[in-house]
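A.B. asks: Single-letter residue listing:
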Amino acid sequence: MPQTTLLIGTRKGALVARRPRAGAAWELGPLELPMSEVYGTGIDARGATPRLFAAADSPHWGPTLFHSDDMGRTWNEPGEAPVAFPKETGASLVRIWQIQAAGASAPGVVYAGVEPHALFRSEDGGITFSLVEGLYNHPHRGEWGPGNGGACLHTVVPHPTDPDRVLVALSAGGVYRTGDGGATWEAANRGIQSYWMPEDQRFPEFGQCVHKVASHPSFPERLFAQNHFGVYRSDNYGSSWETIESGLPSTFGFPMVVHPQEPETIYIFPLKADSHRFPATGRCEVYRSQDGGKSWTALRSGLPEGEYRAAVLRDAMCTDGGDPAGIYFGTRAGEVYGSPDAGDHFEKIAEHLPDVLSVRAVQVS
Amino acid sequence: MTATLVLPAALRSAAGGAPELEIVEGTVRSALDNLAATMPLLERRVRDEQGQVRLHIRLYLGSSDIDDLEGLDTEVAAGTRLYVIPAVSGG
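Protein chains in written order, with this note's numbering: chain A, 5 to 369; chain B, 88 to 178.
Simulated from the structure, these hints should not be mistaken for laboratory data. Take every hint as true, because none was put in to throw you off.
A few chain B residues facing chain A, derived, Cβ under 8 Å:
id, residue
1, P127
2, L128
3, R131
4, R132
5, D135
6, E136
7, Q137
8, Q139
9, R141
10, H143
11, I144
12, P173
13, A174
Away from chain B, derived, C-beta distances all over 12 Å, residues of chain A:
id, residue
14, G27
15, T53
16, D73
17, G107
18, S109
19, P111
20, G138
21, R206
22, E209
23, P221
24, T247
25, R287
26, Q294
27, S299
28, P344
29, E355
Now the in silico label distances, taken between C-beta atoms and shown as ranges:
id, chain 1, residue 1, chain 2, residue 2, range
30, A, P82, B, G104, 12 to 22 Å
31, A, N152, B, Q139, 23 to 33 Å
32, A, R194, B, L142, 38 to 48 Å
By construction, the Cβ of each residue, glycine as well, lies at the ideal position given by its N, Cα and C atoms.
Please model the complete structure; the sequences and the hints are all you need to start from.
C.D. replies: Structure below.
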């Protein structure tokens, strides 16, 4: 029976919850890395033992990256800074927003998306990282603006079989992709709208506020995106995008998650608007599409009844890669919910936590 | 002759639990540069990768904020005490 491990990043530390077998009760571990904001959590499940990552930052002591090779029982931080800007850039790391292992075709490669807008790459499993200069020196860089959360590169989608292809998303710069291992990058935003711009400028080459992009490993050309207003699909690795919004109560939100076995099944958590960051219907509801975005269904079985006012942030929803698939999300009310059956039914895993910033899960036999 | 670097409780784990460390007399900058070589994890809690003291930290030499002296070029004489003081902020 597989054991499930759920890594939870909060505004004041990280926790690990474990389910020893399907159907068993969740066991919530102690709060680690206290007083650290853990916006980025990651699990590299390619090795025999998964490596867990927690990107922790402190207003006092700065940002850093911890890793754990014993499923979160102990955390390690290298002596030398894992992620740091080279002297010649004059830039200083503010926050690590995303830790993402590459595909099986690039063993040892782990990416870090950071603030200020930059991508770092590790070739030693996430211990030391180097700046991806091709993106950092992109001619668009001076025109990228910060989103409400900061000038962050928050999403990294490595191609599962071609190690030279990587797609990233920035707030607010939009989607960029490389096909040559990071040497050159092109904007990939055609069809994504910047609704706040004048009518004749709503489809710029770049500058969109894309909140999250996700894909399925077996169909890497197909991408799904949750935008700052707008839910999109691309069938050509970002060359063009089309809206998949019919049936949604709102097009604003943060997370976008793809089912690990069903490439057409996706999950989002709609919020009312950027000016009203509350659940779109006033209830705690996940929306699922099982046909690639043609139609949507609200999932609420096991979730709180009545008015719910907490949002779900961009990395606070995930799957565990299992079959059947577990779906998890954490809210800014400090609650974590999980579904062992791909969203049909949820249960509360944790409550009374600091607000949840990120979650990642893995099943291990 | 040496001076003393005084650490707040939150940083002592990065110094092996020590509340104070001996530092060689020189400047604040040279003291932190030496720390970067011997205890990099501790040093980067105090300065970022560009060598700037982090925003919510103050360094005091005795009773004076080094920003009111010569900043990182402030001389640290033998027998003096250099304090790392975190801002009292947050919630």
